[in-house]
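2 protein chains.
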Amino acid sequence: MAVITTIGAGMMGSGIAFPACTNGHTVRLVGTPLDDKIIKYGKETGYHLTLKHDVNGTQTSFKMPEGVSFHCYDEFSEMLKGADILLCGVSSFGLSWFCENIVPLIPEDLPVLSVTKGMIDDGTGTGHLISYPEYMQCFSKKKLNINAVGGPCTSYELADHDPTEVAFCGKDPETLKWLKSIYETDYYHISLSTDVRGVECAVALKNAYALAVSLAVGLSHKREGRDFQHYNSQAALFGQASKEMEKLLMLFGGRHESLWFGIGDLYVTVFGGRTRKIGTLLGEGLNYDEAMEKLKGVTLESIVITGRTADAVVRLSESGLADISEFPLLMHIRSLLSENAKVDIPWSDFETDYFQA
Amino acid sequence: MAVITTIGAGMMGSGIAFPACTNGHTVRLVGTPLDDKIIKYGKETGYHLTLKHDVNGTQTSFKMPEGVSFHCYDEFSEMLKGADILLCGVSSFGLSWFCENIVPLIPEDLPVLSVTKGMIDDGTGTGHLISYPEYMQCFSKKKLNINAVGGPCTSYELADHDPTEVAFCGKDPETLKWLKSIYETDYYHISLSTDVRGVECAVALKNAYALAVSLAVGLSHKREGRDFQHYNSQAALFGQASKEMEKLLMLFGGRHESLWFGIGDLYVTVFGGRTRKIGTLLGEGLNYDEAMEKLKGVTLESIVITGRTADAVVRLSESGLADISEFPLLMHIRSLLSENAKVDIPWSDFETDYFQA
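Chain order of the listed sequences is A and D. Numbering of the first sequence is given in the working numbering, commencing with residue 10 and proceeding in unit increments. Numbering of the second sequence is given in the working numbering, commencing with residue 10 and proceeding in unit increments.
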């Protein structure tokens, strides 16, 4: 049985403990310095402070499965001893902290599995983005074995054993197969891919586009003057989103086969949580500042990742490497987020003539 | 201003009158022999008997827009005089009737626009499917100009002016541009494509796969013992569906660019009506016979189209032209519909290893 040391006790870092424990493995859940409350609560009760599910209308904390122990950050070095896997469970906002404080401590022979999804500027000033695993490697002189998880999977539904299929991506097929043997259960199905850039890109992009599809929810609310949804407009935006995501995936050097994980992830994100909330508010006609005022205190990874992706496309287009007219939906989202523009879906720009002999 | 003679006064044939009338055109809504009640009701009230929307929780008939007149089938020949467009608004079940009774009457210079979506066996016994417009042409000695509509668009939301983007497909770009000039409004956006096979294939496939995604809704209901949805499993099925749809599109001779209309259409179909209902019942554990017993009297185009597509793939595989192991989700749906099997999502068959240097 494997010992998994997790750093970051947030929802996804904690949620992925469920399939590991279903298979009888041991998970040492180590909080970052920001996770003290979660760890304290977990030590005292065995329940998770923030990972919750709906039980007959009430949000109820999950009891963490047998095999999980809770640890504060000052125990991290101790907990690293004897670990077979280091699981990176920080959010995108914790990425720099993880790279600076944790990556240098990782032994060369300890495989890393990261649930932190995303892409970041490669620092060359050209607009090219690289995946988080590629970025993490830059902070170590050792040759690390960093793998990542992509695909449709919200933490609270994973903890609830709702079946899904995700992708584990990394450079070494043998490591991937071994990680799969640890995590695969009858509710957590795993494809494997060496296209790290593609899987991370596809699942990072869904943030921007889930926000875009959610605009239609807000537009319906506004038009109807009530909590009512139309699906034609959501569906048309979903189709346009899929089309732009494929182009972006190619642009950032991913492989086409990774698109399906991004499309699945887009679907689940449209129906989950905070990204939908801000998209709906923007769709109802609020500008970004007004929407954030309403969502006081909410941290939105999706906003950061969206801005980063859209900025990258603009910079690539300035070098002639991308054509921004191919990404009208992403550019509209960019104007909403960075220019405080009001929603005005550029429907006509989506229209395309496909004429061939 | 154009005169559009519509044959078939069902929901979609009638719904597409809305954008045409928004633009000031005239629509002669001619019922098939099965539409007498709709026509009688329309003549008496100006409202549509079956095209309804939710008004504060009550299903309420739409008033048909100014410019629409109602006609019984015996007026069809008269109504064809002076028409600029013949709109085919029959369902898949009316296709044979349309081909035998209407197609031979169509003048060579009268463009046809069809909202009837689908693919049908090409009659060669090999399993190859052709699009409805290709099939319709077989029933005329004249060279007809048959165009069709694909993409995400439910009739009642179109009548409700919810924005969407669809594809008009046909062989002649000039006809397509002219049809677009008739129908394009600020809530009905139109891309054009000469890939008739691809657009029709993509939107036909969504029937099978919307049923597949809906299985997850029923599975959640059953597991929870209440009306509660999980989205991880829906999303994973949606991703697998998109992947299989792309492969099928290529298999049946469509072009990749038509996929996005199918994905949008898949999304809207998951949330609309009868296909979701039967998928949910099958997901809850009923077999097909039990589910149909519950849905007494409901006609399901999706079932017909699903069976036809799945059978075609099996026949193509028998000739070595397709590999059924690439379509595990479609094959599971086939076993549910034609073998009365119980739901058992083949999750492991979705898993793929993408290893490349």
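Note that these hints are calculated values from the structure, not bench results. As the structure is a prediction and not an experimental result, all values here were calculated from the model. Don't take each hint at face value.
Note that identical chains are pooled: a pair holds if it fits in a single copy or bridges any two copies.
Below, simulated DSSO-like cross-link-like pairs (lysine-lysine); rule was C-alpha separation at most 30 Å, straight line [as the list claims (entries may be wrong)]:
1. K231 to K151
2. K231 to K189
3. K189 to K286
4. K286 to K231
5. K151 to K256
6. K49 to K72
7. K256 to K61
8. K150 to K351
9. K90 to K72
10. K256 to K180
11. K286 to K152
12. K49 to K152
13. K189 to K150
14. K180 to K90
15. K351 to K189
16. K150 to K61
17. K305 to K286
18. K90 to K186
19. K231 to K72
Out of the numbered hints, which ones does the structure contradict? 1, 3, 5, 7, 8, 11, 12 and 16
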